[in-house]
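**Q** These protein sequence lines map, in sequence, to chains A and B.
With the first letter of the first sequence counted as 1, position 153 gets the number 153 in this note's numbering; the numbers rise by one all the way through.
With the first letter of the second sequence counted as 1, position 18 gets the number 18 in this note's numbering; the numbers rise by one all the way through.
Mixed in with the good hints, there may be bad ones.
As the list claims (entries may be wrong) - Mimicking EDC-like on lysine to aspartate or glutamate, the simulated pairs with C-alpha atoms at most 16 angstroms apart in a straight line are:
1) A:Lys141 - A:Glu107
2) A:Lys279 - A:Glu210
3) B:Lys63 - A:Asp261
4) B:Lys63 - A:Asp315
5) A:Lys243 - A:Glu322
6) A:Lys365 - A:Asp298
7) A:Lys243 - A:Glu210
8) B:Lys63 - A:Asp264
9) A:Lys243 - A:Glu281
10) A:Lys116 - A:Asp26
11) A:Lys365 - A:Glu348
12) B:Lys63 - A:Asp265
What the hints assert, rightly or not - A few chain B residues facing chain A, derived, Cβ under 10 angstroms:
13) Gly6
14) Asp18
15) Gln27
16) Asp30
17) Phe49
18) Leu55
19) Ser60
20) Arg81
21) Glu85
22) Ile86
23) Leu92
It is worth saying that the hints were derived from the structure and are not from the lab.
Here a beta-carbon is modelled for each residue, glycine too, at the ideal position from N, C-alpha and C.
The residues making up each chain are set out below.
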Amino acid sequence: MFSNAISKARTNLKVLIADDDSLTGDYLGFQMETLGCRATVVESGAAALDVLKGSEVHLLVSDWQMPGMDGMELVAEARRLTSSDSHLHIAMMTARGEEKVMRAAMEAGVDDFLYKPLQSVELELVIASAARNRLLHHRLKRRNAQLVLEHRRATEALERVRADLKAATALHERLLPDFDRSGVLRLSHLYRPAAILGGDSIGAAPLREEGLLFFLIDVRGHGVPAALDSFHLHHRIKQLRPKSALELGQAMTTINREICDRADDSYATIACGLIYPEKEEGWIVCAGHPPPMLAEGDAVTQISGGRAMPVGWFDNAAYTPERFPFPPGARLVLYSAGITETTNASGEQFGDKRLEETLAASAGKPLRQFANTLTENLRAHLPSRVYEDDISMLAIEHTSLEVQS
Amino acid sequence: MLENTGILEVAVDHPRLDAAAAPAFRQELDGLFDHRPERVVLDLSHVDFIDSTGLGVLVSMLKQMGAKGRIAIVGASPAVRRLLEITRLDTLFIQCDSTSAAHDPLA
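Pulled out of the complex, with its shape left as it was, chain B reads as follows:
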């Protein structure tokens, strides 16, 4: 996980963002969100599976960022993309092919 000027880049390295991994992930995010970032690029290229608990963490992350908060998701697998569609999160998260490509829509 690294921070660039203005945009926080978060690479998720858990292959399964599920009930087992979610608490640790949430704790990592809490540490990173100390500076209340408004724009975040979330790299999910290493994530194969997200369950309801993992999805809940993504939503609470968005809520934590407030009304101005914007999240771009990079590298979502077809299964993750489908989950975002079913839950309508595709309307809240900007989906991009690469971290660099995510910077423009977030600007």
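So here's chain A without its partners, still in its complex pose:
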């Protein structure tokens, strides 16, 4: 198959012969034509260069010794003329065969040698070699062009995916609470997905009855599938919009059953609650979620939140909200496991204790400062900032009347 292709390539081989002896040149040209090539014969190096500049040549056969520009100079010039990705096979005709001279010719760009007096078999060998190289070069060029096209298509596809991800990230970020105050409640949050898109979602929605629905979702895994799931859960909670402790438990039970009914392994941990500032209390359910922290001054306690299973594991799981006091000045902090499990190079986790201490130390300072200090403390713990898990935190403060004014 390959040899057939070479034979075909040989018939189209364009050969340029440079020899100051026109008799030898013409004879060689005749032999080349007999072997199926198309030959052009010139009598000087300069004339050969003119042909090379103006037309396609596959094989250049040059005599070594010529008046004016000799064979070596012609080869060097010919190599300079042809670009690195074009193909030109060069054979040098010589009577000499010293190693040193041949090496110099090789370095100048000679591929083959033809020794005088010329033998037909040597000529055929040079033509076959040039034809094979031409064929390979042609295939390589075609393959390269194909690769360039494929690369361009892949790059365009990647750009489209990047743009989609960027749009999805923006969409996901728009779910974050877009207000920092709801009546006497002040909110602050941290959100930093480990990948472009995260499986965490933070939500808050004021209730008509002067209360606040709030939640933090952490879907199993990371990336796009987790983000899609957390996006759905975020909207599902807001759609169910529980307004009482009873409805809160029912909403979680509904969500749990809905995920269990799906034929996949996805599940999520959720901390979801309600705050009624006038009653100075709140209710919360922790479905497999790290226990939220409640701070009154610098005293920090953890709320178990009715300690329930993540949603999506077992359809008979029970979700019973737990009441917690929320007087003016109190702060509630929900956080994803990504914060406490942030592990430094020594294998040490950030842990509950550091989070508690950060919260306690923020007593009396603006809520936003707590979020900023937590960010700084996490960075101090993990200077590389290469987080393995999504980082998210929602802090809610019951502002005192004094602060309100």
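Use these hints to put chain B onto chain A, whose structure you have.
**A** Then chain B, alone, in the frame of chain A:
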């Protein structure tokens, strides 16, 4: 991993049972669960960290065993123990100090 009469003993040798290790772990379990064991001792003494994906594998393992399935966990680190508590898996998995100590509660 070895199998004793009636009780399957599984020693997890991944220090981190996370999204990277979970597929291989699940595949190993699938092979071991061909005989549908009802009692399993899971040795987690070499596990330092379990993430949400790793935890998902433990739960699917429990589901795969059916209503009669019972799993005892041995050698859970404080971090793993805390994770089991937060997710209430401590109510489904029996926790023991050693493999031999796990045999009685499973009997």
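**Q** The structure should be examined with respect to each hint, and the outcome stated for every one.
**A** Evaluated hints:
1. A:Lys141 - A:Glu107: violated (24 angstroms)
2. A:Lys279 - A:Glu210: holds (10 angstroms)
3. B:Lys63 - A:Asp261: holds (14 angstroms)
4. B:Lys63 - A:Asp315: Within the cut-off at roughly 12 angstroms; holds.
5. A:Lys243 - A:Glu322: Answer holds: lysine 243 of chain A to glutamate 322 of chain A is near 14 angstroms, not above 16 angstroms.
6. A:Lys365 - A:Asp298: Holds - the C-alpha atoms of aspartate 298 of chain A and lysine 365 of chain A are around 11 angstroms apart, at most 16 angstroms.
7. A:Lys243 - A:Glu210: Holds, at about 10 angstroms.
8. B:Lys63 - A:Asp264: holds (13 angstroms)
9. A:Lys243 - A:Glu281: holds (13 angstroms)
10. A:Lys116 - A:Asp26: holds (15 angstroms)
11. A:Lys365 - A:Glu348: violated (28 angstroms)
12. B:Lys63 - A:Asp265: holds (11 angstroms)
13. Gly6: Nearest chain A Cβ about 26 angstroms off; hint violated.
14. Asp18: holds (8 angstroms)
15. Gln27: violated (14 angstroms)
16. Asp30: Result: violated, 13 angstroms to nearest chain A Cβ.
17. Phe49: holds (7 angstroms)
18. Leu55: holds (8 angstroms)
19. Ser60: holds (6 angstroms)
20. Arg81: With Cβ-Cβ at 14 angstroms, over 10 angstroms, it is violated.
21. Glu85: holds (8 angstroms)
22. Ile86: With a minimum Cβ separation of about 6 angstroms from chain A (threshold 10 angstroms), the hint on isoleucine 86 of chain B holds.
23. Leu92: Since the shortest Cβ distance to chain A is 9 angstroms, the answer is holds.
Hints 1, 11, 13, 15, 16 and 20 from the earlier list are contradicted by this structure; the remaining hints agree with it.
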